[in-house]
Every structure is written in structure tokens, then in C-alpha cells.
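Heads up: the protein sequence lines correspond to chains A, B and C, in order.
All residue numbers for the first sequence refer to the working numbering, where the first residue is 1 and numbers rise by one.
All residue numbers for the second sequence refer to the working numbering, where the first residue is 1 and numbers rise by one.
All residue numbers for the third sequence refer to the working numbering, where the first residue is 1 and numbers rise by one.
Hints may be right or wrong, so weigh each one.
[What the hints assert, rightly or not] DEER-style ranges, computed between Cβ atoms:
{"hint": "1", "chain 1": "C", "residue 1": "L15", "chain 2": "A", "residue 2": "P42", "range": "49 to 57 Å"}
{"hint": "2", "chain 1": "C", "residue 1": "V175", "chain 2": "B", "residue 2": "R133", "range": "55 to 63 Å"}
{"hint": "3", "chain 1": "B", "residue 1": "E239", "chain 2": "C", "residue 2": "L251", "range": "42 to 50 Å"}
{"hint": "4", "chain 1": "C", "residue 1": "A69", "chain 2": "A", "residue 2": "M158", "range": "48 to 56 Å"}
{"hint": "5", "chain 1": "A", "residue 1": "L106", "chain 2": "C", "residue 2": "L174", "range": "50 to 58 Å"}
{"hint": "6", "chain 1": "A", "residue 1": "V22", "chain 2": "B", "residue 2": "D20", "range": "37 to 45 Å"}
{"hint": "7", "chain 1": "C", "residue 1": "V308", "chain 2": "B", "residue 2": "R521", "range": "50 to 58 Å"}
{"hint": "8", "chain 1": "B", "residue 1": "R133", "chain 2": "C", "residue 2": "R9", "range": "48 to 56 Å"}
{"hint": "9", "chain 1": "B", "residue 1": "T150", "chain 2": "C", "residue 2": "V175", "range": "32 to 40 Å"}
{"hint": "10", "chain 1": "C", "residue 1": "P247", "chain 2": "B", "residue 2": "A522", "range": "38 to 46 Å"}
Since the hints were made in silico from the structure, they are not lab data.
Glycine is no exception: its CB is placed at the ideal position from the N, C-alpha and C atoms.
The primary structure of each chain is shown beneath.
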Amino acid sequence: MKNILKNTSLAIGLALLALILVIAVFAHVFYPVSPWQSAATPLLEPFSQSGLPLGSDMLGRDVAAGIAYGARVSLTVGVVSTIISVTLGVTIGAVAGFYGGVLDNLLMRFTELFQTVPQFAMAVVFVAIFSPSLVTIVLAISLVSWPPVARLVRGEVMSLKSREFVKAGIVLGESESGLIFRHILPNAVSPIVVMASLMVATAILTESALSFLGLGDRNMISWGYMIGASRTMLRDAWWLSVFPGLAIVVTVVAVNLIGEGFEKALNPQAHGERKA
Amino acid sequence: MTQNATEVLNIGKLSVRLPDGADRPFAVHDMDLKIEKGEILCVVGESGSGKSMTANAVMGLLPKSLRFGADHIRLNDRDLLRQPRSTLRDLRGREVAMIFQEPLSALNPLMRIGDQIAEVMKVHPGSDFNDVRARVIQLLEFVGLPEPETIRHSYPFRLSGGQRQRVMIAIALALEPDLLIADEPTTALDVTTQAQILDLMKRIRDEKGMGIMMITHDIGVVAELADRVIVMRQGEMLEEGTVAEVLEAPKHAYTRQLIDAVPMMLPKDARQIGTPPLISVRNLNKIYGKPGGKTRAVHAVNDVSFDLRAGETLSVVGESGSGKSTIAKLLVKLEEPDSGQYELDGEDVTHLSVRAFRPKRRVIQMIFQDPFSSLNPQHTVARSITAGPLAAGVPQDRAMEDARRLISRVGLDESALNRFPHEFSGGQRQRIGIARALAMSPRVLVADESVSALDVSVQAKVLDLLADLQREYDLGMIFITHDLRVACQISDNLVVMLRGRIVERGTAHDVLLQPKDPYTRALVAALPGQAWEKRREAAMAAGHRA
Amino acid sequence: MTYKIFLTRLGNGLLVLLGVAIMNFTLVHMAPGDPAMIFAGEAGGGDETYVEQLRQDMGLDKPLVTQFAIYAGDLLRGDLGYSFRNQRDVASMIVERIPATLLLTMTAFGIALIIGIVFGMLGGWFRNTLLDRGLMIVTLVLYATPLFWLAMMFVLLFSVRLGWFPPFGMQSVLVPDAPLDRLLDIGRHLVLPAFSLGLFYAATYARLVRASVINVSNADFVKTARAKGVPGGRILRVHVLRNAILPVFSLASVHIGQLVGGAVLTETVFAWPGIGRLMFDAILQRDYPVILGVFLTTGLLVILVNIVTDLLYRIVDPRIEHTAGN
């Protein structure tokens with residue numbers, strides 16, 4: 001029973017994400033015309049004209065095309081910013097946890113600072129000051145999302161460091177780098193993977209929120225931007241905000257399901273079973 | 001259906017089924033058991049014997065995933081199998097109570113001690129104890145806790161492990177039940193605390209006339225406490241009888257084996273070793289935390305001096321917090337001493353950095369305590385054993401060759417090298433740990449509680465292996481342990497530690513058989529089952545003469 | 001002893017504030033262009049004499065340390081700068097909007113706590129039942145829903161379609177005279193923003209509490225309670241729940257920060273007159289002194305709320321006092 005459940009989480013998540021990935025990668029094949037260009041009369045309701053299943057916006061742009069191209073921004077930002085913040089977090093957490101003492105104290109103070117400050121407000125300030133672009137958005141999200149990774153890794157490293165097999169490594173004369181890279185980090189991989197997959201979800205949400213506030217990349221259409229632009233039209237054209245919103249929900253659910261699937265798959269077993 | 005009026009518990013053909021895919025179909029199979037008032041029944045067995053399952057089945061505390069069945073489980077005159085859940089709930093605490101192994105986690109951390117005791121009265125309305133406060137104080141006094149009025153208002157974290165176990169007993173006694181089930185209640189405690197708790201259990205039997213079902217793995221405890229004994233292995237009941245019958249004339253070979261595995265208090269013959277010391281420690285000190293700092297400073301090792309020679313085994317014995325493990329860590333440079341001198345193989349290494357000490361790792365090696373965490377779960381056995389030699393610059397094929405030789409030497413098959421730690425039992429893992437230490441061809445082995453996590457029969461075999469290896473390689477061995485019987489069996493010399501200080505030292509014979517220091521005497525006196533021990537030694541002496 | 005802890009907490013809070021000030025300062029100086037131009041508002045925002053005046057005030061010709069000292073000194077005096085766009089003092093703009101934000105975030109926090117704890121408790125206690133599965137799906141979806149979008153969907157459903165609650169603002173255009181009616185009016189306006197902000201975090205808490213309840217249910221002391229004959233309901237209330245809620249408190253500091261950040265979005269959708277909406281307007285106008293000032297203020301709010309939750313935590317968990325007091 002447990003196995004099936006674990007697989008369903010992961011399977012549904014992966015299937016959904018694969019679908020979104022295909023849409024993102026082949027957006028230009030499905031919709032050769034730029035999503036910024038007018039394709040029909042403005043404010044067409046969904047399913048009222050063939051070829052425009054999700055209707056058109058106030059400038060006659062195809063909502064479906066916008067959603068297809070928007071997937072590119074969401075996935076790119078989600079994955080790239082997670083890679084950056086995981087790298088940052090693992091480095092800081094591993095150093096703090098392994099060496100301890102004053103260094104640990106300083107690094108954790110620093111981490112706490114970044115965690116206490118309202119992260120979204122910080123991202124807003126960062127993007128606003130450095131002017132919105134894909135790069136600043138990715139950097140802003142990375143900047144605000146590494147602290148939980150650092151804390152997690154620090155905790156894992158500290159607990160692994162007190163495990164006897166690491167002490168045995170010291171007694172056997174293994175080098176520091178050997179202890180970190182052969183004994184400690186490989187045994188901390190599963191919680192990091194779980195956290196990273198959940199961070200992709202959060203990053204997608206944060207990107208959409210920034211774009212919603214008008215802090216998105218002007219050159220790329222994104223789901224948050226579409227919702228933000230249609231905010232004043234809510235009363236008259238519900239479809240302009242409903243569909244991009246659903247796209248976000250589905251994507252984030254998919255990513256979270258994958259994270260959950262990982263967690264269920266990695267946690268109950270003894271670490272390292274059947275791993276060579 | 002004739003039931004003796006003094007019988008509190010009668011179990012007929014109890015079986016507990018294990019989930020599919022377990023190594024055997026039943027955790028407990030066709031178990032029959034009865035306990036009378038004023039009687040202590042010890043159920044003894046090694047890990048996985050099903051002894052705890054039996055206890056939990058009586059209490060209705062088995063996990064839901066385990067199904068169990070029986071002809072009957074009669075508590076006093078009621079068959080528990082035929083009672084509704086609400087009655088079962090009410091009987092718990094009122095007619096049967098239970099205490100557990102881990103006193104540190106058995107109490108709710110957010111609730112005052114007094115409230116946790118009073119709760120038993122609260123959830124069993126109509127009990128005889130109207131004045132709850134007075135009853136709580138009375139119970140705290142009965143279990144021997146000082147200042148009951150203060151303890152009543154304390155939270156559990158302020159109490160020691162032994163004190164918490166007393167509180168658990170007070171909770172169990174609150175409504176004067178007829179049956180007390182105790183699941184390894186002294187296993188997590190120091191030997192002197194254990195002796196006090198065992199005395200308390202005897203008092204409960206004698207003064208309250210309760211029936212007690214005591215689950216234990218410790219033959220010493222059985223000898224000390226039991227009126228009757230049941231021996232279990234792998235869910236099967238092997239034999240039952242009075243304590244004298246079972247311990248002195250066991251019918252089953254396994255029982256015999258269990259009893260023989262308990263080390264005897266017969267020290268080795270004292271030897272004179274004339275070689276210069278491999279390890280020489282003078283006035284070593286280690287303090288955790290700064291004096292006057294946020295947390296109280298602990299003088300973990302206080303002015304400790306000793307020598308160790310090739311072929312000698314020096315045991316460091318003491319209870320938890322005595323500093324014995326810190327000594328092990330100082331010797332292998334997992335910790336730095338604050339002052340004093342440490343010479344290893346004629347060289348002063350007191351203040352060598354971890355890096356500078358690295359070449360010395362070939363002289364001194366360590367065997368760890370926990371067989372489940374001392375091997376990297378992601379590395380094959382071969383990788384674990386060769387890691388040290390490889391780091392020291394031994395070529396790969398030489399290291400592998402040594403690993404093959406050593407794995408056979410410690411009694412495992414060569415194919416073990418390609419497998420992962422989780423495929424081995426605790427005893428096998430400990431053998432792997434020994435092979436890993438030997439791979440560095442050390443001259444000194446530090447063993448930190450290296451057999452205390454093992455079942456007694458496995459423990460005996462690992463101890464034999466260590467003794468053989470010591471002779472074979474002329475190793476000096478520092479043996480850290482809390483177990484006086486083990487220390488007695490293995491050591492030439494022995495130091496006894498209390499709060500960081502060595503309070504007594506000498507040959508194993510002198511220290512354990514003629515202790516001079518009051519603390520050592522208390523430790524020796526606290527050993528459970530000494531009367532049995534005497535008879536056993538006498539019987540053995542008689543056997544030798546015959 | 002408690003006041004000593006309070007002081008340490010306050011000291012830590014000041015350190016965090018200093019950190020935020022350093023961040024603000026660093027960002028402004030790392031940004032492309034002249035810091036004075038940024039403070040005056042983007043190109044064309046200020047006339048030359050004003051920008052020159054700013055340069056003088058900020059000490060841009062002096063070393064960075066001096067510049068920071070000037071900036072920190074201003075902050076200490078409560079001077080958050082001047083909004084050229086609005087021709088107003090930033091601090092006063094923010095102060096008048098703080099009550100609205102506090103009302104919204106604290107209500108949302110309460111909603112998140114109550115719903116989260118109830119859902120989490122039910123899910124954890126009846127784990128792997130249909131109820132638990134259902135709650136898990138609800139929280140999974142809520143957890144994936146963008147705050148601002150949920151807010152808009154609430155407007156669409158409860159204001160536009162059903163007309164139950166007003167779609168924006170904190171008070172009706174015609175403010176009722178009677179104090180009670182006025183309170184009710186604000187209450188009616190508060191429902192949608194508070195729920196749309198609170199539900200996301202309710203999902204977070206539900207998952208946290210569920211995991212925690214399951215964890216605590218397996219604790220030895222719960223087994224002790226069963227062995228004592230304590231009924232199931234009482235075990236849940238007295239033994240499991242209190243222990244299971246502890247992680248909620250210890251994570252409160254992180255969540256308060258997120259909640260205040262989230263208020264920016266909610267206030268934007270509902271035109272709620274708090275500092276979040278102020279920030280959104282400032283973003284549109286590229287009014288940097290206001291953006292930076294709001295950021296600093298959110299940091300301050302979080303620190304204050306943290307001190308309160310910290311003191312509460314001490315009441316709930318007796319062990320804390322012990323470790324801090326020794």
C-alpha cells in the first residue's frame with residue numbers, strides 16, 4: 001500500500017511536470033507567433049473562437065500562447081535559482097557544521113539575519129534597485145532562499161560528524177576533505193534533494209509574485225505578469241487571470257508532489273541501501 | 001477453568017504474528033505464562049526473542065500492524081480477550097501497570113511530575129484515593145524520592161534517569177494494581193542505580209504483594225530478582241521453572257549457553273610485563289566548557305595518570321559521566337587535553353595537532369561502541385577496511401590483500417568485503433570494526449564500550465576474539481567499560497573512575513575482589529546476582545576437582 | 001531572569017536591524033548609477049538642485065564608512081528619508097499605514113494558526129484515513145496557490161459573483177458614524193484579505209503540525225499515558241497536542257517574516273491601505289526611499305513580533321528557561 005502511494009505521488013508529479021516541460025520547450029512550435037502579438041479581436045471569451053481555447057486579452061493576444069511561453073520563465077527561474085541557492089546553502093552549512101566554533105557562530109548569525117528579514121520584501125528591493133530582468137530575478141530568489149538549506153545542511157553535518165563512522169575516519173587518519181566529501185555529504189544527500197525540490201516550487205511562486213507586481217523581465221511573458229496585467233479587468237475578463245493562475249497551481253503542485261515522492265522514497269529506508 | 005485465587009495473570013497460547021516479509025512468521029508463538037500475587041516472574045531472552053511483545057500484548061499496547069491471538073489472557077478473573085475497549089482502558093493503571101526501558105523519554109516533558117502521577121487517579125474515577133495530593137506525596141515517598149513536595153512541582157528534565165524511573169514506578173503503583181509489568185526497567189541505568197531500583201521492586205513484591213512480570217536480558221538481574229523464570233528465544237518459550245532450577249540446572253542447551261556467556265568474576269592470573277610502556281599518561285586534564293562561562297564547566301578528566309605496555313589490557317571502568325570515554329577520545333586525538341602529558345611509543349604527543357598526529361595513527365587504533373553507526377552505510381566493507389591504510393599511503397592491492405586476510409581472521413567470509421554494513425548483524429559489524437582497526441597494524445587498541453551493545457552470547461565471542469588477537473599481535477589494549485564482569489574477565493590491570501578522577505587502581509584481582517575505595521566497593525556490591533555467582537564459582541571449582 | 005532574556009532578545013533584534021540597514025546601504029551603493037539619483041527617484045524625477053542637496057546630505061564625497069554612519073544616524077533618529085515623488089517624509093507615510101498592516105497580518109496569522117493546527121491535528125491523529133488524505137490534498141493545493149491569485153479568485157467569487165464582501169479597501173466610502181458599525185465595516189472588509197493571506201500559511205502549519213503530531217504520537221510518554229489508562233481524547237489534548245505545537249512556535253519567527261512579505265501582495269490586490277500597498281505604489285513610481293523604508297520597517301515588525309512569540313514560547317516549554325538560565 002505504502003509503495004503504491006509513494007509511487008503515485010512521484011508518478012503524478014513527474015507526469016505533470018513532463019507535460020509542462022514539453023509545452024515550455026515546444027512553445028515556439030505550437031505558437032510560432034510571439035505571445036506579445038495580437039492574434040484576434042480583444043477580450044474574446046474562452047472557447048468562443050476556434051484556435052483560441054483560452055480566449056484573448058485586452059490587446060487581442062492569445063492567452064494560451066502566453067501560458068505556453070510563460071512556462072519557460074517559471075521553469076527556468078525555478079531550476080536555476082534553486083541550483084544557485086542549494087550550492088550557496090550547502091557550502092555555508094557544511095563549513096559552519098564541520099568547523100563549528102566562532103566561524104559557525106558568525107555564519108549562523110548571518111544566516112539568521114537573512115531568514116528573519118521578510119524575504120519577499122528583500123527580493124522586491126533587490127529587483128527594484130537592480131532593475132528587473134531574468135538575471136536579477138534569479139539572483140534575488142537565490143539570495144532569499146539559501147538560509148533554510150544552510151541550516152539543514154549544518155544540522156545534518158553536525159549530526160553526522162558525531163556519528164561513529166566519521167570519528168572512525170578521523171582515527172584512521174583520513175583527510176578533512178575525505179571526511180567531508182566521502183563520509184559526511186554523501187550521507188546528507190537525501191534531505192537536501194527533498195528540500196531542493198520543494199525550493200523549486202517556492203521559487204516559481206516567488207517569480208510569479210515579482211512579475212505580478214510589475215518586477216518581471218519585460219522581454220519575456222510570464223504567468224505572474226499576465227495575472228498582474230489583468231488585475232483591473234477581473235470583473236470583465238475573468239479568464240485572463242484564472243488560466244495563468246491555474247497554470248501556476250498545477251506546476252507547483254507537480255513539483256511538490258515530486259518532492260513528497262522523493263521524501264517518501266528516501267526516508268524510510270536506511271540511508272544508502274542498494275547504493276554503490 | 002479452575003483458577004487459583006492468588007493468580008493474577010494467566011496467558012494461554014499467545015501468538016503474535018509478524019507482518020509478511022519478516023524473517024519469521026511469529027514474534028511470539030504459543031506462549032503460556034502465569035504469575036501469582038507476590039511473585040516476580042522474569043522473562044529472559046536476547047534481542048528479538050519476543051519478550052517485550054509478550055508484555056505489550058498483555059497491556060494492549062502492541063502496534064496495530066501486529067495481529068495477535070490467544071486462548072485466553074486472564075487478568076485476575078477477567079479474560080482480557082473478551083472485554084470491550086473501554087474496560088481494557090480502565091483496567092490499565094487500575095489492575096495492571098507498566099514501566100519501560102527509557103526513563104528519559106517516558107515522561108511528558110511539558111507536564112509537572114505531580115500532575116503525571118495524579119492523572120492516573122483522574123482518569124480512573126471512583127478510586128480509593130480521595131486526597132490526590134496526599135497520595136502523590138505518599139507515592140513519591142514510597143519510591144524513595146527526596147523532597148516529594150519539590151519533586152511534585154518539578155518538570156521531568158530536572159530529574160536524573162534513576163529518579164525518573166522511580167517516578168514511573170510511582171505512576172504504576174498509584175492505584176495499587178495487582179500486576180506490574182516492567183520492560184527492561186534498569187537497562188538504561190548505571191549499576192548502582194540499577195541496584196536501588198531492583199531493591200525497590202523487591203519491596204513492592206513483599207510489601208504490596210503484587211505480581212511482577214520482569215522483562216530482561218540480564219542473567220544477573222534474573223538471579224537477583226526472580227522467583228520464577230521463563231527463557232525465550234525467537235518467540236518460542238524454551239523453558240520455565242524456579243530461579244534455582246533454571247539457573248543451576250538448565251534443561252535447555254540454549255539456557256546453558258546464555259548462562260555460560262555471562263563473564264565470571266574470576267580475574268586472569270597477574271602477569272609481570274617488563275617492556276617499556278607504549279602509552280604513558282601523566283596528570284592529564286580535560287575540562288568541557290569554560291569556568292564561569294554560560295554552561296557549567298565539567299572536569300571530565302581530572303589529573304589522570306597511567307601506563308600501558310605491550311600485551312597488557314588496562315580496563316577503565318566507571319559509570320556514565322565518569323570521564324572514561326573522554327580518556328579514549330584523548331588517546332586517539334578526537335579531543336585535545338587541557339594539560340598534562342601523553343607519551344605514545346616513547347614520543348610526547350600531548351600537543352601534536354590532528355594533522356601532525358596522523359602518522360601515529362598506525363600505532364594506536366580504536367574500536368567503537370555502536371555497531372550500527374560505526375560503519376559508513378554507503379561504503380562496502382572493503383572500502384571501510386582499506387580507507388585507513390590507503391590514507392597512510394599503502395598501495396591499493398596490498399591494502400586489499402590485508403583486508404582479505406583480516407576479514408577471515410575476525411571470523412567472516414571473504415565475500416563480506418563486497419557487501420554493505422546493513423547486511424550484517426551487530427556482532428558481525430563489530431568484527432568488521434575490529435578488522436578495520438587491525439588493518440592499520442596498530443600496537444595499541446582502544447576499545448570504547450565495544451561489546452556493551454551486543455547480546456551476551458555474541459559479546460562472549462567478540463571478547464574471545466579480542467583476547468586471541470591481543471596474544472597474537474602482542475597488542476596493548478585500553479578497554480573502556482561500565483561492566484565489571486567484562487572488565488574482570490579481560491583485564492590485567494584496572495582503574496576505577498568517578499567524576500573524572502581515578503579513585504582506585506591495581507590488578508583486576510585486587511581491585512575487584514578486594515576493593516579498598518568506598519566507591520569501588522559500592523560498585524562491586526551493586527552487581528546483581530552475587531549470591532548466584534558464588535554458587536556458580538563453587539560449582540565450577542567442584543567441577544574442576546572432579 | 002525573564003527580563004534578562006528579554007534584553008538579549010532585544011539586543012539580537014537590534015543586530016538584525018543593523019543588518020537590514022547594511023543590506024539597504026550595500027544594495028543602493030552596488031546598484032548602477034548615482035545613489036543620490038536613486039534616492040531622488042529615477043531619471044527626471046528630481047531637479048538638479050534637489051539632487052545636489054541630497055549628495056551633500058548623504059556625504060557622497062566622503063568615505064563609505066562615513067556615509068554609512070550618516071545613514072545609520074538618520075535611521076536612529078527615525079529619519080527614513082524624503083519621498084520627492086510624494087513630497088513627503090517617508091517615516092510619516094509609513095507610520096500612518098502600520099496599523100492597517102498589523103491588523104491584516106495578525107488576523108491572518110491567527111487564521112493560519114487555528115486552521116493549521118486543527119487540520120494538522122486531525123490529519124496526524126487520524127493518519128492515513130480518508131479524512132487525512134482529503135486534508136492533505138487541500139493543503140497540497142493551497143500550498144501551491146499564489147497568494148495574489150487566491151486573493152483575486154476570492155474577489156471574483158465572494159465579491160463579484162456572490163457580493164458577500166467588499167472587494168477592496170479597509171472602510172466603505174461612506175464611513176458609518178456609530179463606532180460599532182465602523183468596527184463591523186472594517187471587519188467586513190478584513191475577511192477576504194485576511195483569509196487569502198492566512199490560508200497559504202494555514203497549509204504550511206497543517207503539514208507541520210501533522211508531521212509533528214505523528215512524531216509525538218510515537219513518543220514513549222504517549223505509550224506511558226496509554227499504560228496509565230488515559231482515554232484517547234485526553235491523550236491527544238493533554239499529551240500530544242501541546243508537545244506537537246512546539247515546532248510551530250519555534251518556526252514562528254520565519255513565518256512572521258514571510259507573512260509580512262506576503263502582505264505586500266494581498267494589500268496590492270485589495271487596495272488595503274497598509275505598508276504593503278505603499279510598497280507596490282512605490283515600485284510603480286520607482287520611489288526608492290519608500291521601498292527601502294518599507295523594507296526596513298517590515299524587518300522591525302518581524303523583530304517585535306518575534307520578541308513576543310519568544311516570550312510565549314518560554315511559557316509553553318518549561319525547558320527553555322532552564323537552558324537559558326544556567
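Taking the hints in turn, this is what the structure says about them:
1. C:L15 / A:P42: 49 to 57 Å: 54 Å, holds
2. C:V175 / B:R133: 55 to 63 Å: 58 Å, holds
3. B:E239 / C:L251: 42 to 50 Å: Given range 42 to 50 Å: violated, Cβ gap about 54 Å.
4. C:A69 / A:M158: 48 to 56 Å: At 38 Å between Cβs, range violated.
5. A:L106 / C:L174: 50 to 58 Å: Cβ of L106 (chain A) to Cβ of L174 (chain C): about 57 Å, so the range 50 to 58 Å holds.
6. A:V22 / B:D20: 37 to 45 Å: 41 Å, holds
7. C:V308 / B:R521: 50 to 58 Å: Once the Cβ atoms are compared, 56 Å apart, the range 50 to 58 Å for R521 (chain B) and V308 (chain C) holds.
8. B:R133 / C:R9: 48 to 56 Å: Since R133 (chain B) and R9 (chain C) have Cβ atoms about 37 Å apart, the given range 48 to 56 Å is violated.
9. B:T150 / C:V175: 32 to 40 Å: For T150 (chain B) and V175 (chain C) the Cβ distance comes to about 59 Å; the hint is violated.
10. C:P247 / B:A522: 38 to 46 Å: Taking Cβ atoms as reference, P247 (chain C) and A522 (chain B) lie about 43 Å apart, which means the hint holds.
Going through the hint list in order, the structure does not satisfy hints 3, 4, 8, 9.
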